[in-house]
Amino acid sequence: MTACGGEERRSEASATAVAKQEIRKIVQEELKKELMHLQTSESIRRINPVEKSQKIEVQHELERQAADWRKEQEEVDRKLQKIAEEEQRQRWQQEVDRMYGP
Numbered sequence: 001m002t003a004c005g006g007e008e009r010r011s012e013a014s015a016t017a018v019a020k021q022e023i024r025k026i027v028q029e030e031l032k033k034e035l036m037h038l039q040t041s042e043s044i045r046r047i048n049p050v051e052k053s054q055k056i057e058v059q060h061e062l063e064r065q066a067a068d069w070r071k072e073q074e075e076v077d078r079k080l081q082k083i084a085e086e087e088q089r090q091r092w093q094q095e096v097d098r099m100y101g102p
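With our numbering applied, the sequence shown corresponds to residues 1 to 102, in that order.
Quick caveat, the hints were computed from the structure, so don't treat them as lab data.
For clarity, every value in this text was computed on a predicted model and none was experimentally measured.
Be aware that one or more of the hints could be misleading.
What the hints assert, rightly or not - In silico EDC-like links for lysine to aspartate or glutamate, alpha-carbon gap of 20 Å or less:
| id | residue 1 | residue 2 |
| --- | --- | --- |
| 1 | Lys-71 | Glu-61 |
| 2 | Lys-52 | Glu-63 |
| 3 | Lys-33 | Glu-22 |
| 4 | Lys-79 | Glu-63 |
| 5 | Lys-82 | Glu-72 |
| 6 | Lys-20 | Glu-30 |
| 7 | Lys-52 | Asp-68 |
| 8 | Lys-20 | Glu-8 |
Claimed, not checked - Estimated spans, in silico, between C-beta atoms of each pair:
| id | residue 1 | residue 2 | range |
| --- | --- | --- | --- |
| 9 | Gln-54 | Gln-81 | 51 to 57 Å |
| 10 | Met-36 | Glu-8 | 38 to 44 Å |
| 11 | Glu-63 | Glu-85 | 30 to 36 Å |
| 12 | Ala-17 | Ser-53 | 39 to 45 Å |
| 13 | Lys-52 | Leu-31 | 55 to 61 Å |
| 14 | Leu-62 | Ser-41 | 25 to 31 Å |
| 15 | Arg-24 | Ser-53 | 56 to 62 Å |
Using N, Cα and C, we set each Cβ at its ideal position, and we do this for glycine too.
Kindly produce the complete structure, drawing on both the sequences and the hints.
Structure below.
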């Protein structure tokens, strides 16, 4: 019985050692994954402010261009309105001249 009990304890100790080794391996793999994730996140954080400022600059430039375009469009609309008013005035004048003479 003593030999059998000793054998059992050695078998349990061996199984425990194998289990601990497997757990260490899994933990190391998870730690490696976490480290890679953190390094990637840190790289992204370092790059991100530059990209963010570039995106902001592009956005501001687009907003300036849009404002310029709106001003130009308003000017074109005013000119077209003046032309339309002048054409309408001329049509009315022609109609009056035709009806009542010059």
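The hints, checked one at a time:
1. Lys-71 to Glu-61: The given pair, whose Cα atoms are some 15 Å apart, holds under the 20 Å limit.
2. Lys-52 to Glu-63: With Cα atoms ~16 Å apart, Lys-52 and Glu-63 stay inside 20 Å; holds.
3. Lys-33 to Glu-22: Roughly 17 Å separates the two Cα atoms, so the pair holds.
4. Lys-79 to Glu-63: 24 Å, violated
5. Lys-82 to Glu-72: 15 Å, holds
6. Lys-20 to Glu-30: 15 Å, holds
7. Lys-52 to Asp-68: 24 Å, violated
8. Lys-20 to Glu-8: Cα-Cα ~18 Å, so holds.
9. Gln-54 to Gln-81: 51 to 57 Å: Given range 51 to 57 Å: violated, Cβ gap about 40 Å.
10. Met-36 to Glu-8: 38 to 44 Å: Check passed, 42 Å falls within 38 to 44 Å.
11. Glu-63 to Glu-85: 30 to 36 Å: 33 Å, holds
12. Ala-17 to Ser-53: 39 to 45 Å: For Ala-17 and Ser-53 the Cβ distance comes to about 55 Å; the hint is violated.
13. Lys-52 to Leu-31: 55 to 61 Å: 31 Å, violated
14. Leu-62 to Ser-41: 25 to 31 Å: Since Leu-62 and Ser-41 have Cβ atoms about 30 Å apart, the given range 25 to 31 Å holds.
15. Arg-24 to Ser-53: 56 to 62 Å: The hinted range 56 to 62 Å is violated for Arg-24 and Ser-53, with Cβ atoms some 44 Å apart.
Consistency with the previously given hints fails for numbers 4, 7, 9, 12, 13 and 15, ordered from lowest to highest.
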